[in-house]
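Next come the chains, spelled out residue by residue.
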Amino acid sequence: MQRYAAGLIVLGLVLTACGRSTDQPAEQAKNVDTGKARGEVTVWAMGTEGEALDAFAQEFEAAHPGVTVKVTALGWDVAHDKITAAIAGDATPDISMLGSTWMGEMAKTGALEPTPGNLIDKSAFFPSAWKTVEVDGTAYGIPWYVETRAFYYRTDLARKAGVEPPATWAETKSFVAALKAEGGAELGVEQNFRQGSWQEVVPLVWQAGGEIMAAGKWTLDTPQMVQALEHYNSFFAGGLAPNDLPLTAFPQTFVKGRVGAFYSGPWMITGLEKDGGAGFGEKFAVAAYPEGGAGGTSLIGGSELVVFKSARNREAAWTFLRWLTDAKVQAKWYAKVNALPSVEAAWQEPELTGDERVKVFGEQLKDARGVPAVPTWEQVAKAMETEIEKMALGRQSPAETAKAFQRKAESIGTGT
Amino acid sequence: MRRRWSTYALLTAGLVLVVLPFVWTVLTSFKPETEIRRDPPAFLPLEWTLANYDLLLAKMNIGQVFLNSLIVAVAVVAGNLLFCSMVGYAFAKLSFRWKNAVFALVLVQMTVPAIVVMIPQFVLVAKIGLVNTFLGIILPGLVTPLGVFLMRQFIMDIPDELIHAARVDGAREFRIFFTIVLPLCKPALATLGLITFLGSWNNFLWPAVVAQSEDLYTLPVALAIFSGYQGTQYGLLIAGAVVVVLPILTLFVFLQRYFIQGIASTGIK
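Chains as they are written, first to last, in the working numbering: chain G, 34 to 449; chain E, 490 to 758.
Rather than coming from a laboratory, the hints here were simulated on the basis of the structure.
Simulated crosslink set (EDC-like; lysine to aspartate or glutamate; CA at most 16 Å straight-line): (1) G/Lys289 to G/Asp308; (2) G/Lys307 to E/Glu522; (3) E/Lys548 to G/Glu84.
Work out the full structure, taking the sequences as your base and the hints as a guide.
This is the structure we're talking about:
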C-alpha cells in the first residue's frame, strides 16, 4: 500500500512538473563552447544504430582528446518506455536517439535542451527534416538521419507490360492494372493496411491538398481526406491490391513478382537485394510519389538526437552532435548503416551518388513533411490504423472511415 | 487393449501439437536468413548452417549476458522462496490484527498489471540511487503476491498440532518456521521456484528500463536490440530464443516431479 501511495505522490509531482513547463514562454537556447568539451558522453541509441555507433564514434574521440563516447544500445520495443521512465526518474543519459514522432511528447516534459544556434546551423538540413525537431517554434536536438517514402516497382514487369512508372494518381491506377494484366503481377500493388498503415494514408492526404491538423485542431474528416482514402481504397476494392494475405507474405510476394509495386522507405533497397538474391537488384527501381491534385508530398521520418538538460557533459555532448551532422560524417554513416543524411550537402558525397534509387529518395526529401509534433500523435496514428484496416477489408466506406478518424482523434485530443 | 491404443494415439497427437512449434523454432535457427522468410516455408532446413549462432556470438557478449540473467533469476528465486514462505506462514498460522484485510490487500495487488506501477517504481528506485545496478533490477521482484498466496494456501494444510508441539517444546517462531514448516513445503517451494525463475528469466520491461549500460543487460533485453524498426533479424532472434529456452527446459526436466506435485496439491482446494 505504502508503495502505491508513494508512487501516486511521485506520479503527481511528475505530472505537475510537466504541466508547469508548458505554460512557460519559448525557451532560450544557451551557447556551447566546443573548446570546453571534456569527459564522458553517454548516448542511447536503438537497433542497428545502437550497435554501430560505438565503433563509429572512435574517430570523434581521436579528434577530441579528453572526450569519450559511451553508447548503450537499446531495442526499439523498450526505447519509448525507457526514455520516459528515465525522464521521470531524472536518470537520463547525456544524449538519446528519439523516433521523430516522439518529439512533441518528449519536448513537453521539459527535459530536453534547446539546440544552441551558435553551434548547429539549421540551414544545413533539409527544411522538412529540421521541422521534425521543432516544437512550438523551439528546436530541440538535431535530425540525425531521415527516411521518406517513395514508389517501388518491378522494372522487368513494367517493361513486359510496356508501361512507364506513374506520375499521377490516375496513372498509378492504369500502371498497376497493366502490371496485373500484362506483366503477370497477379496481386497488383502492395498497400499495407495493418500496423503502420497510417504512413500509407497520410502522404495521400497532403497530395490531395488536405491537412492532418490545422490551427491546433485535428482535421481528419475533410473532403481531401475522403478523396485520399477513396484513392487508397480503390485498389483494394478493384482487386488491384491484396487484402487477404498474411502479414509476412510481403516482401516475398514482390520478389516472386506476384506483387508489382509498393510504397516504402529506403531501407527496402538492401532488404530486397538480400531477400531476392543475386541479380534481383536489377529488377526493381524507385520512383517519386505519383502526384495527386496538390502535388506529390511524401512523409518524412527518421530519428533525432537530443541532449537532456541534466547532461553532465553538455559541451562534449553538443560537440559530438555537431560532428555527427558534418556532411562527410553523415555520408560515412550512410555507408555504414544505410541511414539517409539529414544534411543536404552530404548528398553530394560519393557514398550517396552511386545508386539511382537512393537519389530518388534524395529528391523526394525536398518534398516531404512530418507528422504534427503533438504528444498524442502515436495514439491517433494507432486509432487510424484500426479504421484503415476495417476499410481495407470492406467493412466501412472511406467517408465513414474519415468520420471515425475525426471522432477518435477528438476524444484523444492533442495533449496540449 | 484397443482402448489403450486409441488413448496413446490421442496423447501422441497432443504431444506433436504442443512440441511442433518448438521443434520448428530449433530447426529454423539452423536455416540461413533468406530461407527463414521463404515462401512456401520448408520444415527442414534446405541448407544447414550455424551462421545464426556465429552471428549471435559475434554481436553480443553472450557469456556476460547469460550470467546477468542467471544472477538476477537466482537472486529473485532465493528472495521469493524465503520471503514468500515467511509471509505465507504468517498469514496461514499466526494471528494478528487486520490479518484478513492485509491478506486481501495482497490479493488485490495480483490484479494490478506491472506496467501500471512501472514509472512510479522506477522513480523510487532512481531516488535511492539504484538505477543501473543489479540490486535495482532485483529488489522489486524479491517478494510477489502470487508467491505469498501460493505459500499461504500450502502452509494452511500443515497440521496445527505439529506447530503446537514445537511451541510446547520451547521452539521460537523462527525455529518452527525453519525446522518444521519449511522442510514440509518442498513441493510448493519447487513450484514457486520454477514459476519465479521463469518469470525473472523472461522478464523484459523492468530490467530493460533499469539497466542503462549493456554490461547489465539480461538475455531478453539484449536480444531486443535485434528486433528492428525497419526489418527484424529473425535468424539472430530465433537463435537467441533457443539459447533463452534451453536452461528453462533443463530446469523443468529436473524439477518436473515436484512441479506437478506442487500444482496438484495447491490446485485441489
